[in-house]
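Kindly generate the complete structure, drawing on both the sequences and the hints.
Residue strings, one per chain:
There are 2 protein chains.
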Amino acid sequence: MQKSTKRIATMHKMQVTGLEMFYKNGYYSTSVDDILKELNLSKGAFYYHFKSKEEFFISILQSLVVKKVYSMLIEPIEGHDNPIDLITNCLEDALQTAEHNEYDYGFVLQNFITEFNGSNPEIMKYLNDTLKIWEVNLVSTLQRGKFNGYVDRHIDCEGVASYIISSFLGIRTLMVEGSATALRYRYMQQIRFYLRAMANKQTA
Amino acid sequence: MQKSTKRIATMHKMQVTGLEMFYKNGYYSTSVDDILKELNLSKGAFYYHFKSKEEFFISILQSLVVKKVYSMLIEPIEGHDNPIDLITNCLEDALQTAEHNEYDYGFVLQNFITEFNGSNPEIMKYLNDTLKIWEVNLVSTLQRGKFNGYVDRHIDCEGVASYIISSFLGIRTLMVEGSATALRYRYMQQIRFYLRAMANKQTA
DNA sequence: GATAAAACAGACTAATGGGTTTGGTTTTTT
DNA sequence: AAAAAACCAAACCCATTAGTCTGTTTTATC
Chain X
5 MQKSTKRIAT MHKMQVTGLE MFYKNGYYST SVDDILKELN LSKGAFYYHF
55 KSKEEFFISI LQSLVVKKVY SMLIEPIEGH DNPIDLITNC LEDALQTAEH
105 NEYDYGFVLQ NFITEFNGSN PEIMKYLNDT LKIWEVNLVS TLQRGKFNGY
155 VDRHIDCEGV ASYIISSFLG IRTLMVEGSA TALRYRYMQQ IRFYLRAMAN
205 KQTA
Chain H
5 MQKSTKRIAT MHKMQVTGLE MFYKNGYYST SVDDILKELN LSKGAFYYHF
55 KSKEEFFISI LQSLVVKKVY SMLIEPIEGH DNPIDLITNC LEDALQTAEH
105 NEYDYGFVLQ NFITEFNGSN PEIMKYLNDT LKIWEVNLVS TLQRGKFNGY
155 VDRHIDCEGV ASYIISSFLG IRTLMVEGSA TALRYRYMQQ IRFYLRAMAN
205 KQTA
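Residue numbers (this note's numbering), protein chains in the order written: chain X, 5 to 208; chain H, 5 to 208.
No false leads were mixed into what you were given.
Copies of the same chain look alike in the list, so a pair counts if it works inside one copy or between any two.
BS3-like mimics (lysine-lysine), calculated; alpha carbons at most 30 angstroms apart, straight line:
1) Lys72 <-> Lys28
2) Lys150 <-> Lys72
3) Lys150 <-> Lys136
4) Lys57 <-> Lys72
5) Lys150 <-> Lys205
6) Lys136 <-> Lys28
7) Lys57 <-> Lys10
Keep in mind that the hints were calculated from the coordinates and are not lab data.
Printed below as a string of structure tokens:
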């Protein structure tokens with residue numbers, strides 16, 4: 005009983021290539037035809053599977069982006085180890101991924117937020133919700149860190165979380181054109197410095 | 005001899021409205037007709053003054069954006085006062101401007117960098133150059149701060165500068181949808197905390 | 001106030017892109 | 001083998017958009 009297995013495979017292929025091209029060239033600058041040419045598929049194929057370009061894009065957000073945000077930005081910082089180390093390593097990994105021309109999904113979000121802001125409220129909702137998921141998980145990781153004695157009790161977890169996200173999104177913007185390796189190195193030094201100051205001074 | 009006074013006035017009006025709409029809806033999502041309708045002007049007028057949409061946009065970068073980056077982000081941090089205070093106040097001002105739905109020009113740059121990255125190298129060059137101007141000036145402000153005894157000698161000025169820019173660009177992304185006031189408040193607390201640690205501990 | 005140049009209006013063109021339709025082929029089920 | 005479901009190709013439709021062309025109005029100059 006694999007009646008929909010091919011359907012799913014085809015849709016998935018379209019979504020993967022779609023995300024790649026939307027991310028690289030922007031949503032509005034990437035035509036459906038562009039994606040189909042890349043895949044040697046036809047318009048008929050596309051509109052058999054998806055109602056519209058917009059619905060197609062939303063399906064990408066739901067089935068690819070959200071999952072990747074979880075696996076790259078959220079799961080690595082779960083658990084009861086020192087959140088400061090967890091977060092530092094997670095950011096380092098994400099930036100290294102970015103450096104090798106793959107996409108780290110925090111920046112994917114930022115790109116699309118910039119593009120759709122003001123022009124498409126429905127898509128913006130999905131994007132903001134996903135970003136919010138990251139933020140919420142950062143906050144609770146920090147709070148858990150307080151509870152477990154790793155993080156200073158006086159720290160404003162919400163403030164730190166949005167500051168981490170901000171700096172990360174920003175450095176990724178700079179990396180698109182600047183010398184990525186040098187920027188990553190410097191950024192990691194600064195964020196380490198910043199996060200180290202959050203540590204609980206009582207406990208080792 | 006005011007043969008070009010009207011010409012300049014009209015061009016300027018087009019540029020101001022153009023920047024506003026490009027910034028709000030994106031370059032590719034804003035048609036020349038959209039801008040002209042807003043101004044009650046015609047195609048003939050537009051192409052009388054500008055060779056193309058792209059040239060029009062570049063003229064906006066040159067005549068509006070660069071100047072504003074200077075007056076909002078560079079001039080305020082010049083001088084020989086404590087650069088940590090200068091930078092803090094400058095960022096605060098920029099974020100307050102942003103909160104009142106006007107545009108702070110750091111974010112204008114970021115928006116366009118995101119939009120044109122990968123699709124238009126010529127425009128990217130202008131945008132990156134402008135961002136670079138900001139960065140270079142931040143670095144030299146910090147170095148001057150070292151010289152004048154305000155900033156710790158061990159600080160990596162390049163690292164701090166790109167970290168400041170990063171966090172600023174990032175927080176602006178978050179502000180587009182989140183509660184701007186709360187984000188600004190938190191951000192300023194964090195950046196103050198971060199910058200205070202740069203201060204020279206010897207001198208008061 | 002005639003004339004020339006500058007500034008502007010608006011219909012038109014060509015190309016692009018989202019989406020539809022038609023007309024098929026392959027795969028699965030019975 | 002026959003019917004139905006899943007899948008695919010490409011011509012076609014319609015709205016939009018950057019850019020052109022031809023003319024008209026405004027403005028400066030003598």
